[in-house]
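Could you put together the complete structure from these sequences and hints?
Number of protein chains: 2
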Amino acid sequence: MHKKLLLISNSTMAGEEYLAWPQPYISDFLNSEKVKKVTFVPYAGVGLDEESLEASYNVYTERVQAVFAKLGFEIESVHQAANPVKMIQEAESIAVGGGNTFHLVAKMHETGIMQAIKEKAETGTTYMGWSAGSNVACPSLMTTNDMPIIQPESFDCLNLIPFQINPHYLDANPEGHGGETREQRIEEFLVVNKNMKVLGLREASLLFVDGPLMKLLGSRPLRFFAFGAAPEEFAPGSDLSRFL
Amino acid sequence: MHKKLLLISNSTMAGEEYLAWPQPYISDFLNSEKVKKVTFVPYAGVGLDEESLEASYNVYTERVQAVFAKLGFEIESVHQAANPVKMIQEAESIAVGGGNTFHLVAKMHETGIMQAIKEKAETGTTYMGWSAGSNVACPSLMTTNDMPIIQPESFDCLNLIPFQINPHYLDANPEGHGGETREQRIEEFLVVNKNMKVLGLREASLLFVDGPLMKLLGSRPLRFFAFGAAPEEFAPGSDLSRFL
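First to last, the protein sequences are chains R and H.
So the first sequence is numbered by this note's numbering: it starts at 71 and just counts up by one.
So the second sequence is numbered by this note's numbering: it starts at 71 and just counts up by one.
Calculated from the structure, these hints are not laboratory results.
Any given hint could turn out to be false.
Identical copies look the same in the list; a pair holds intra-copy or inter-copy alike.
Unchecked claim - Dumping the calculated SDA-like pairs for lysine to any residue here, alpha-carbon to alpha-carbon at most 25 Å:
| # | residue 1 | residue 2 |
| --- | --- | --- |
| 1 | 264 | 119 |
| 2 | 73 | 307 |
| 3 | 264 | 128 |
| 4 | 264 | 224 |
| 5 | 264 | 310 |
| 6 | 188 | 71 |
| 7 | 285 | 150 |
| 8 | 264 | 149 |
| 9 | 267 | 124 |
| 10 | 107 | 302 |
| 11 | 264 | 223 |
| 12 | 285 | 193 |
| 13 | 73 | 246 |
| 14 | 264 | 181 |
| 15 | 264 | 118 |
| 16 | 73 | 105 |
| 17 | 264 | 180 |
| 18 | 74 | 94 |
| 19 | 106 | 223 |
| 20 | 267 | 117 |
| 21 | 264 | 124 |
| 22 | 140 | 264 |
| 23 | 267 | 249 |
| 24 | 74 | 120 |
| 25 | 267 | 118 |
| 26 | 188 | 220 |
| 27 | 188 | 246 |
Next comes the structure, spelled out in structure tokens:
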């Protein structure tokens, strides 16, 4: 069984409903493997309910459930399992939602599902992630845009792909702002991690991995970064298998 | 001897020369203590020369030297010391430059200067930082905007002030971008760190700490965040001593 991954830049376009734009891709991806039930990881979702993290995960799961139900898929969440590792090991398909990447990675290590998801996805269980959920498919969390609100045991992630994704890739700063641009940040990453490649995945785009094949889907070009080389642009529909 | 800190949001306004706007504050701060020589920490500066980190620190130090020389102050850099901890222990004044906060914190722990700077600044040696250099004065790096390009030994920082600064505080995302706003990110931090306060320090503003007193300087208001409360704005010139 080979890897099947759907790595989505962002859940939602500004002004649209939650998880609206990627729905056709999600349906195709899951239907191609005849998936009925998806095991959801909500740990990136902090603050959806200020009462508690548990309440926040509940709100998040319900929100995702509503979208997936409409598409004909059932959702169960690891945060409601007595044994999250066991739920992952028995999963038909796995979806990791966006939010805060540091919190997601901290909880994935703490609960042991980091290793369990890795084993499942490597042996062919469909894996889908958006935003933080795409970031954790990478070797590490080192190209996240998120605030480090909690210190995870390790920055290491699932390593399902041999490169880093920068989700929500953004070309410019707001006018008049002097902070680093996204491109400058990625270049700093490459100075310290010279052998790594970074794929800047703009909003409304996603990567589809099917064994040895990888394709850029969605409506916007991708920006590719390697140390010491000028960035390259790839058009939607490009075959990116060479990066696997 | 009480603490004397100058915590600057950002080195440079868009379109201006390097370290231009904070120069009057830097001069006043150092002259009030009759400082002649400043010990500089360049470890946030990665990629100023792609050849090597050492070369990057050299470029950074020269750039800072040029500005400080004009103001009448000498600069020496810890990266050129045989024993960085000893150089800090003998420092007349300390300045920590901006750049990548994770890289800065990793190197400060690795070289042992994190603890050495803490001891010096707590006993009255003037401490100045801009951007990442302001962030490391906080209890942790958890409110940085930077990319986690390297995993530091710990997220803990100098803890010279009992709250977190978010430097380069920014009100809005570029139009049409669906990623989290800065305010949303800080609110996520507060969900997981409920007892901490965050001071959103907009560009062109800075905090001046003189023992039990703290004042907002510069030209823009500060945005204050606490868990479960609406954010508050403080005008330039405000006395913020209550937060110490």
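Results of checking the hints against the structure:
no., hint, in the structure
1, 264 / 119, "between (40 Å within a copy, 14 Å between copies)"
2, 73 / 307, "within (20 Å within a copy, 58 Å between copies)"
3, 264 / 128, "between (40 Å within a copy, 20 Å between copies)"
4, 264 / 224, "both (20 Å within a copy, 23 Å between copies)"
5, 264 / 310, "within (20 Å within a copy, 43 Å between copies)"
6, 188 / 71, "within (14 Å within a copy, 54 Å between copies)"
7, 285 / 150, "neither (34 Å within a copy, 47 Å between copies)"
8, 264 / 149, "between (37 Å within a copy, 22 Å between copies)"
9, 267 / 124, "between (36 Å within a copy, 23 Å between copies)"
10, 107 / 302, "neither (38 Å within a copy, 45 Å between copies)"
11, 264 / 223, "both (24 Å within a copy, 21 Å between copies)"
12, 285 / 193, "within (20 Å within a copy, 58 Å between copies)"
13, 73 / 246, "neither (44 Å within a copy, 33 Å between copies)"
14, 264 / 181, "between (32 Å within a copy, 23 Å between copies)"
15, 264 / 118, "between (37 Å within a copy, 15 Å between copies)"
16, 73 / 105, "within (15 Å within a copy, 61 Å between copies)"
17, 264 / 180, "between (29 Å within a copy, 21 Å between copies)"
18, 74 / 94, "within (16 Å within a copy, 58 Å between copies)"
19, 106 / 223, "neither (33 Å within a copy, 43 Å between copies)"
20, 267 / 117, "between (32 Å within a copy, 16 Å between copies)"
21, 264 / 124, "between (39 Å within a copy, 15 Å between copies)"
22, 140 / 264, "neither (44 Å within a copy, 36 Å between copies)"
23, 267 / 249, "both (23 Å within a copy, 22 Å between copies)"
24, 74 / 120, "neither (35 Å within a copy, 37 Å between copies)"
25, 267 / 118, "between (33 Å within a copy, 20 Å between copies)"
26, 188 / 220, "both (22 Å within a copy, 22 Å between copies)"
27, 188 / 246, "neither (43 Å within a copy, 34 Å between copies)"
This entry does not satisfy hints 7, 10, 13, 19, 22, 24 and 27, going by the numbered hints stated previously.
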